[in-house]
Amino acid sequence: MQQIVVEARSLQHSYGGVQAVRGMDIGVGQGEMIGLIGPNGAGKSTVIECISGCVRGFSGQILLYGVDISKWSTFKIARAGLLRTFQTPRLFRRMSVLSNLMLAAEQGTVEGMGSTLLGKWRRRDAERLSQCLDVLDRFGLRAIADNAASDLSGGQERLVELCRILLSKPKVVLLDEPFAGVSPENRHRLAEAIGELRASGSTLLMVEHRLEWVERLCDRVVVMAQGREIAAGAMDEIRANEEVVLSYLGTKSHPLPSTTEGKGA
Amino acid sequence: MSPIFFYVSTLLVYATINAMQALGFNLQFGYGGVINLAFIVSVAVGAYGTLVAGIPSAPHQLGVETYIGGFNWAFPWDALFGLAMAILFSALLAVLVFYRLHGDYLAVAMIILASGLLVLVGNDTGLLNGQNGLAGLNSPWKSFLDSNGATYQVAFFIFCSFLLLLTWVLVARMTRGPFGRTLKAVREDVVAAASLGANPVRYKMWAFIVGGAIGGMSGVLLVLYDGAWNIGAWQLGETLVLLAAVIVGGRGRHSGAVLGSLLLMTGIVQGTKFLPNWFNASVLASLQTILVGVIVLAFMWLRPQGLLPEKLETLRSLSPSKRRTSRRRASAVNDEPTPVTVAVPVQ
Chain F
1 MQQIVVEARS LQHSYGGVQA VRGMDIGVGQ GEMIGLIGPN GAGKSTVIEC
51 ISGCVRGFSG QILLYGVDIS KWSTFKIARA GLLRTFQTPR LFRRMSVLSN
101 LMLAAEQGTV EGMGSTLLGK WRRRDAERLS QCLDVLDRFG LRAIADNAAS
151 DLSGGQERLV ELCRILLSKP KVVLLDEPFA GVSPENRHRL AEAIGELRAS
201 GSTLLMVEHR LEWVERLCDR VVVMAQGREI AAGAMDEIRA NEEVVLSYLG
251 TKSHPLPSTT EGKGA
Chain C
1 MSPIFFYVST LLVYATINAM QALGFNLQFG YGGVINLAFI VSVAVGAYGT
51 LVAGIPSAPH QLGVETYIGG FNWAFPWDAL FGLAMAILFS ALLAVLVFYR
101 LHGDYLAVAM IILASGLLVL VGNDTGLLNG QNGLAGLNSP WKSFLDSNGA
151 TYQVAFFIFC SFLLLLTWVL VARMTRGPFG RTLKAVREDV VAAASLGANP
201 VRYKMWAFIV GGAIGGMSGV LLVLYDGAWN IGAWQLGETL VLLAAVIVGG
251 RGRHSGAVLG SLLLMTGIVQ GTKFLPNWFN ASVLASLQTI LVGVIVLAFM
301 WLRPQGLLPE KLETLRSLSP SKRRTSRRRA SAVNDEPTPV TVAVPVQ
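Quick note, the sequences are listed as chains F and C, same order. Counting from 1, one number per residue, gives the positions in the first sequence under the working numbering. Counting from 1, one number per residue, gives the positions in the second sequence under the working numbering.
If you are wondering where the hints come from, they were derived from the structure by calculation, not from laboratory data. Mixed in with the good hints there might be a few duds.
Beyond 10 Å from chain C on every Cβ pair, some chain F residues (computed) [claimed, not checked]: (1) G16; (2) I69; (3) S183; (4) A225.
No more than 35 Å apart at the CA atoms, straight line, and that leaves these computed lysine-lysine pairs for DSBU-like [said to hold, decoys possible]: (5) C:K311 / F:K120; (6) C:K142 / F:K169; (7) F:K171 / C:K311.
Just so you know, even glycine gets a beta-carbon here, dropped at the ideal spot from N, CA and C.
The following block holds chain F by itself, in its conformation from the complex (with noise of 0.2 Å):
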């Protein structure tokens, strides 16, 4: 039986008056990738900003490697290993794309006082300077290394917020929607950074709307509707599944292509 590096158990949340959560329980294997679908509203990225500590006052248990992190800050769950992407990307704006990753490479983050004042981290700062390009030339982000984030496109916004996560050696990645408003010449960069994150070892969940990606990328498939889930299983037995058509995939009489036929990447 796979270890469930990360789940969610019972998990109700609500904005105000509305109830976006109404009791949802996933949880994702050791090196699994899991698509979470569904339509607007369904409440896919509360889950993920309930998983990752970013809101609070929801009822239900977090889980991370079976340690109930349900109360833990969001720094403290992202110090675990537990990474995530948002759905508009949160890059640091008026800092250099080279800034923002040098942030992420090797616990640039948790530098301590003594080091600074001291100098000692020069060398550790070499280090990540290191890794940094060689995940910038892997990408092709080199001309734009000393860009400030703000001058990004959409695409490449994603691109370096998923470079940002991949130089953090995260244990799980919650992905928010990473596929939304990139070019098609972008998305495959964005797959291969993918790739690389499940090669190393990462346990992913993606919430997304590109049906192509989360079938050509994602072991299992869980669909959400109006706060719970209504299926899952592989791409293939949900799209089969009525409820999942209805509410989702268009219906009976308008059904959508399949993914898998006629256009290319």
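Given the structure of chain F, go ahead and fit chain C onto it with the hints provided.
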């Protein structure tokens, strides 16, 4: 000592002290992203602390003062006491405030705190002699240096300059490397920084406490020089002038803070004194305030990044070079600090 010498030397002393205040305030505001509108209170704590330690017990000069303390310690013990009080005050405030308050709420809480303390201290509460404040602090090195002489002026200026140097080195070192980078990231986007593993409270507290300590030290120096301190010296408006100075000079950059203090604090306050005698004294004070306000508005509108904008950290700035791999000693003061800085694109 000629009047001109006295004027210039006094000006220089105040210029260095103002520069120190600007560095401390900028550490909290430009680097830490905390708008501490009660900054002047930390200055006051340093001043009052020094007085309370340095003057004899109440009543002291006129026979009617009421205040706590009065240990009659000599320099430097009174100064060190004042500094210690300032650090304690900043630390206490940081612990009480940072776990609960952020952004605008923090700013408002600071205003309320400053106003409340002014009322508490300014009234007949027996704390720090109310409206009249405290006076009669002995000048440093009193036993061998007459405070009315030219040598004392020069010595005090050198003393202040040395402390300014130390301050600059301290803040420059604190804000470089990964720590400085994370500090700026926390300032830019708290949520994103936390999601990468940075504890925002830790960074803000460092900036806040050290900035407050620097403010306290400036208060110690002011009171050592003036010998006295009262309510008039730490009104809310004082912090606004500091805010104006770092906005004009360039927040998030130490040289910007110093430049802003020279232009706005020393420059305008002093420069307007040389205007022809069209205005009487009270109009002059208002004029200074208006001028500072207009300049700040102009900068916020036209050049929010200030005169010396932050710099982006680039591949070039991080690549090893002969200068960077050599050991840097604490003498590197006028250098631009290691370029872990951030750009504000022209808006």
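What hint numbers does the structure not satisfy? 6
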